[in-house]
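Undergrad: If you want the building blocks of each chain, they are given just below.
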Amino acid sequence: MTKTATGNFFEDFAIGQEIVHATPRTVTEGDVALYTALYGMRFAANSSDPFAMDLGLQAAPLDDFLTFHFIFGKTVPDISLNAIANLGYADGRLLGPVYPGDTLSAKSTVIGLRELSSHKAGIVYVRSTGENQSGEPVLDYVRWVMVRKRDPEAPAPETLVPDLPEAVTPADLVVPDGLDLSGFDTTQSGSTDLWDDYKVGEKIDHVDGITIEEAEHMMATRLYQNTARVHFNQFVQAHSQSGRRLIYGGHIISLARAISFNGLANASFVAALNGGVHVAPSFGGDTIFAWSEILDKAELPGRTDLGALRIHTVGLKNQPATEFPHKDEGGKDHPGLVLELDYWVLMPRR
Amino acid sequence: MTKTATGNFFEDFAIGQEIVHATPRTVTEGDVALYTALYGMRFAANSSDPFAMDLGLQAAPLDDFLTFHFIFGKTVPDISLNAIANLGYADGRLLGPVYPGDTLSAKSTVIGLRELSSHKAGIVYVRSTGENQSGEPVLDYVRWVMVRKRDPEAPAPETLVPDLPEAVTPADLVVPDGLDLSGFDTTQSGSTDLWDDYKVGEKIDHVDGITIEEAEHMMATRLYQNTARVHFNQFVQAHSQSGRRLIYGGHIISLARAISFNGLANASFVAALNGGVHVAPSFGGDTIFAWSEILDKAELPGRTDLGALRIHTVGLKNQPATEFPHKDEGGKDHPGLVLELDYWVLMPRR
Amino acid sequence: MTKTATGNFFEDFAIGQEIVHATPRTVTEGDVALYTALYGMRFAANSSDPFAMDLGLQAAPLDDFLTFHFIFGKTVPDISLNAIANLGYADGRLLGPVYPGDTLSAKSTVIGLRELSSHKAGIVYVRSTGENQSGEPVLDYVRWVMVRKRDPEAPAPETLVPDLPEAVTPADLVVPDGLDLSGFDTTQSGSTDLWDDYKVGEKIDHVDGITIEEAEHMMATRLYQNTARVHFNQFVQAHSQSGRRLIYGGHIISLARAISFNGLANASFVAALNGGVHVAPSFGGDTIFAWSEILDKAELPGRTDLGALRIHTVGLKNQPATEFPHKDEGGKDHPGLVLELDYWVLMPRR
Numbered sequence: 054m055t056k057t058a059t060g061n062f063f064e065d066f067a068i069g070q071e072i073v074h075a076t077p078r079t080v081t082e083g084d085v086a087l088y089t090a091l092y093g094m095r096f097a098a099n100s101s102d103p104f105a106m107d108l109g110l111q112a113a114p115l116d117d118f119l120t121f122h123f124i125f126g127k128t129v130p131d132i133s134l135n136a137i138a139n140l141g142y143a144d145g146r147l148l149g150p151v152y153p154g155d156t157l158s159a160k161s162t163v164i165g166l167r168e169l170s171s172h173k174a175g176i177v178y179v180r181s182t183g184e185n186q187s188g189e190p191v192l193d194y195v196r197w198v199m200v201r202k203r204d205p206e207a208p209a210p211e212t213l214v215p216d217l218p219e220a221v222t223p224a225d226l227v228v229p230d231g232l233d234l235s236g237f238d239t240t241q242s243g244s245t246d247l248w249d250d251y252k253v254g255e256k257i258d259h260v261d262g263i264t265i266e267e268a269e270h271m272m273a274t275r276l277y278q279n280t281a282r283v284h285f286n287q288f289v290q291a292h293s294q295s296g297r298r299l300i301y302g303g304h305i306i307s308l309a310r311a312i313s314f315n316g317l318a319n320a321s322f323v324a325a326l327n328g329g330v331h332v333a334p335s336f337g338g339d340t341i342f343a344w345s346e347i348l349d350k351a352e353l354p355g356r357t358d359l360g361a362l363r364i365h366t367v368g369l370k371n372q373p374a375t376e377f378p379h380k381d382e383g384g385k386d387h388p389g390l391v392l393e394l395d396y397w398v399l400m401p402r403r
Numbered sequence: 054m055t056k057t058a059t060g061n062f063f064e065d066f067a068i069g070q071e072i073v074h075a076t077p078r079t080v081t082e083g084d085v086a087l088y089t090a091l092y093g094m095r096f097a098a099n100s101s102d103p104f105a106m107d108l109g110l111q112a113a114p115l116d117d118f119l120t121f122h123f124i125f126g127k128t129v130p131d132i133s134l135n136a137i138a139n140l141g142y143a144d145g146r147l148l149g150p151v152y153p154g155d156t157l158s159a160k161s162t163v164i165g166l167r168e169l170s171s172h173k174a175g176i177v178y179v180r181s182t183g184e185n186q187s188g189e190p191v192l193d194y195v196r197w198v199m200v201r202k203r204d205p206e207a208p209a210p211e212t213l214v215p216d217l218p219e220a221v222t223p224a225d226l227v228v229p230d231g232l233d234l235s236g237f238d239t240t241q242s243g244s245t246d247l248w249d250d251y252k253v254g255e256k257i258d259h260v261d262g263i264t265i266e267e268a269e270h271m272m273a274t275r276l277y278q279n280t281a282r283v284h285f286n287q288f289v290q291a292h293s294q295s296g297r298r299l300i301y302g303g304h305i306i307s308l309a310r311a312i313s314f315n316g317l318a319n320a321s322f323v324a325a326l327n328g329g330v331h332v333a334p335s336f337g338g339d340t341i342f343a344w345s346e347i348l349d350k351a352e353l354p355g356r357t358d359l360g361a362l363r364i365h366t367v368g369l370k371n372q373p374a375t376e377f378p379h380k381d382e383g384g385k386d387h388p389g390l391v392l393e394l395d396y397w398v399l400m401p402r403r
Numbered sequence: 054m055t056k057t058a059t060g061n062f063f064e065d066f067a068i069g070q071e072i073v074h075a076t077p078r079t080v081t082e083g084d085v086a087l088y089t090a091l092y093g094m095r096f097a098a099n100s101s102d103p104f105a106m107d108l109g110l111q112a113a114p115l116d117d118f119l120t121f122h123f124i125f126g127k128t129v130p131d132i133s134l135n136a137i138a139n140l141g142y143a144d145g146r147l148l149g150p151v152y153p154g155d156t157l158s159a160k161s162t163v164i165g166l167r168e169l170s171s172h173k174a175g176i177v178y179v180r181s182t183g184e185n186q187s188g189e190p191v192l193d194y195v196r197w198v199m200v201r202k203r204d205p206e207a208p209a210p211e212t213l214v215p216d217l218p219e220a221v222t223p224a225d226l227v228v229p230d231g232l233d234l235s236g237f238d239t240t241q242s243g244s245t246d247l248w249d250d251y252k253v254g255e256k257i258d259h260v261d262g263i264t265i266e267e268a269e270h271m272m273a274t275r276l277y278q279n280t281a282r283v284h285f286n287q288f289v290q291a292h293s294q295s296g297r298r299l300i301y302g303g304h305i306i307s308l309a310r311a312i313s314f315n316g317l318a319n320a321s322f323v324a325a326l327n328g329g330v331h332v333a334p335s336f337g338g339d340t341i342f343a344w345s346e347i348l349d350k351a352e353l354p355g356r357t358d359l360g361a362l363r364i365h366t367v368g369l370k371n372q373p374a375t376e377f378p379h380k381d382e383g384g385k386d387h388p389g390l391v392l393e394l395d396y397w398v399l400m401p402r403r
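Residue numbers (the working numbering), protein chains in the order written: chain V, 54 to 403; chain G, 54 to 403; chain S, 54 to 403.
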């Protein structure tokens, strides 16, 4: 059994530890086609090379969450193979567009550790960074995850909980080199609603729902080379609490993002992942709905062509979003709630 | 809710209205690979670059129905988001091959309107045109669709039903620039049957059947960025008449075409879509069979390397094609009938 | 019906007969993306162009079993359309890497024939060869298959059973031109276990299990343009012995190979397929597990950068591999056994 990787357990991590993750990946037009087939993305800048080139880019870049999934997937064998739960994301920034032909690799630094009082597991905080073949960073984010201990008796490291921002500061958002949204074509993009048209506090029901098949979420998760076992093995999962394969949380993020096109068609460029929580698991057969609230708006220094919009997208299962279900008056989650996603996008201005 | 597109209703259309559809799409080898995986296409000219180049093309072009699906998909948010039924196609012509790397966009002109006597809906006739990044047309076709009225009290436009040809005239068929089928390699193509070998009235049972999975038709339909809701949302469809997700009619067209390879292996080049009707819906779990009848043959002016063959392909569900089931003596559709497709292909001659 | 291919029956084959198979295929990055999505392959040399180029290759080559599936698929319409069972493989060699953009074609020679005593079928042995657009061979292997007779009364050809080696001799293994594993990066590949670290007789439980969905195996099999009817047509299969669609045996090979990454992460380069048997069929819903035993090790003449490792990988359904289930003391197959695969890989040395 020594040849078989068993992943890190909580006591294997140390503050400041750097982990270079395996499996560099040359991303291709094939990956993009599958992403379109799995989610139905329609953002024009990610769909058309000429459209993207008219905005100053070299080609249609990958949807930013596809980049996220590739980087996330690489971290799984080292960080979360023995995870009980993926708890959250924070302080994430998209640092540069990724194009078909680029090769992505990833590394992580352990920035926080906290053992649970049960001594059976602990919370691991890592900052993960993705870069391309030239060593240019493309993504940087923090996630924290509850990881089993191999041995409950193993001594726990000193507790350190990192101080994480509620949201990325607009001044820290990175606008892709050369991007100029001043000539943004709203006929081609499918909506005339620009940054100026959104109001803080505005809520948008994205209307559509998409039912998930087992084949789809497994194909997506394998495309990302994400090996977390709970997604693939019904023989073992039959004996789990749910009795089912759990769907990779990122699959729900991309479904919610695809659904959000209807209402946010010009939000192609994600600039930051302020936070994200997978509130409850989803399973094959669930139908995902989504609604969004505009949390904040920011002008960016020296830019009149685009502004930043901070969006809270709520993912729901088997529950239409018409009434914007979220939490009840006591703060208890709506039973259909599966995803809370808080992110900045760059959007064209008038 | 104002940010969310709700699509056009019957009373929103006017004769002569031009609609430029959103979401330009750069088609890729990834799209082609998915198309192969979803249908199992084996036409050599679409499968092999060297084979296509030997015929005078620059590379293996997309299967013509893949081009059709991309263009059709773009029209959905504007034309048929509020459709009750997609009624038919006519007068369609393939105007030039599409290659991976090309960027497709689409526009439509309203050419006919007829309100139903119930005042609840009307028939909209549109001529849709697809073009590539150079503005060269690649496809042109008419479809008509029954669209709900937002308000049954809204005044109806004057009725205009366009005069549509039963079939495209052979003289109007477009042979792709440079195409020369005189050296067509029938060993590589998989059949020695050429244009000369088919007889008008000949019927061919294509033998094979393919069972459809929910994941497959949803991936296909999303690949085409076709957003019609009835295909994806089981939560809502559970309360529909069928209780099921409806399969995009174009998925059945491509299945029937893939199945028709066995008997029509040298029919790679579709030149016209004379007509098409989705006689009945298909659902996940249905097995599609197909048979074809040769309706007509035409020589093309100045061409000895190829001729045109007019084919009627019949799609069936859960019903083998051995006995060529179609209509009974009273003209009533066979209960397994799902598709009638009438098209011209270009085929090599001896 | 004369236009429809019905495939060869046992009495149609003759010793020495050469068959050039149809449908040349330009393989693309789209095919590779689908292969990753269907199996979750993580071998670094097949995943990253820069990683492969650092090893002296021109780009990331296709996984060798993807090449195998493409070649195998081409042989189906001529060799096994009327097969009762695909019995085995032997004497297979990978002769050169295949890259996206290459065009594959295939031919076969009949090297053995043996009628069954029932006179209803016979065993056909073929040597199949795949080559690229330059006529360079990429794969060569023998398979034998039980094929129905069209007419039990038809005279049987003289029996000839070819003499097949138990395994390819190490001296006959082909190392890809330019390949140099001396700088192999084990951080990127995901494992520090090299050729030197494996011992003959060592067994490895690959731990993970993957459940198969109907949509997945059908998409895979169509991607390979493999038309064997038993994989796709539930309407007909419902009346078969199993009542189910049978999964293409190659799908199980690729699943077992993907699962074997955990324990054999540096075994990217398959050099020979010594033997393979599909012991029992698999069906949608089955969960595949795998374990491997190291059968042999060989140094290769003049090479200090790499060595050959002969691996026996056992595929199981609905049966974890922890106890290495295989055969009982009486030699009877374990009820979960579905695949026996015996192959040589090239692996970096210290």
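Everything labelled a hint here was simulated from the structure, so no lab data went into it. It cannot be assumed that every hint is accurate.
Which copy is meant is left open, because identical chains are indistinguishable; a pair holds if it fits in one copy or across any two.
Calculated pairs, SDA-like style, for lysine to any residue (alpha carbon to alpha carbon, straight line, at most 25 Å) [stated by the list, open to error]:
| hint | residue 1 | residue 2 |
| --- | --- | --- |
| 1 | 256 | 169 |
| 2 | 173 | 57 |
| 3 | 56 | 352 |
| 4 | 56 | 253 |
| 5 | 56 | 111 |
| 6 | 256 | 185 |
| 7 | 160 | 230 |
| 8 | 256 | 149 |
| 9 | 56 | 349 |
Since we're looking at a predicted model, the values are computed, not measured.
Undergrad: Each hint: holds or not?
TA: Tested hints:
no., hint, verdict
1, 256 / 169, "neither (37 Å within a copy, 37 Å between copies)"
2, 173 / 57, "within (23 Å within a copy, 47 Å between copies)"
3, 56 / 352, "between (53 Å within a copy, 21 Å between copies)"
4, 56 / 253, "between (54 Å within a copy, 14 Å between copies)"
5, 56 / 111, "neither (43 Å within a copy, 30 Å between copies)"
6, 256 / 185, "neither (36 Å within a copy, 37 Å between copies)"
7, 160 / 230, "within (24 Å within a copy, 32 Å between copies)"
8, 256 / 149, "neither (29 Å within a copy, 45 Å between copies)"
9, 56 / 349, "between (50 Å within a copy, 17 Å between copies)"
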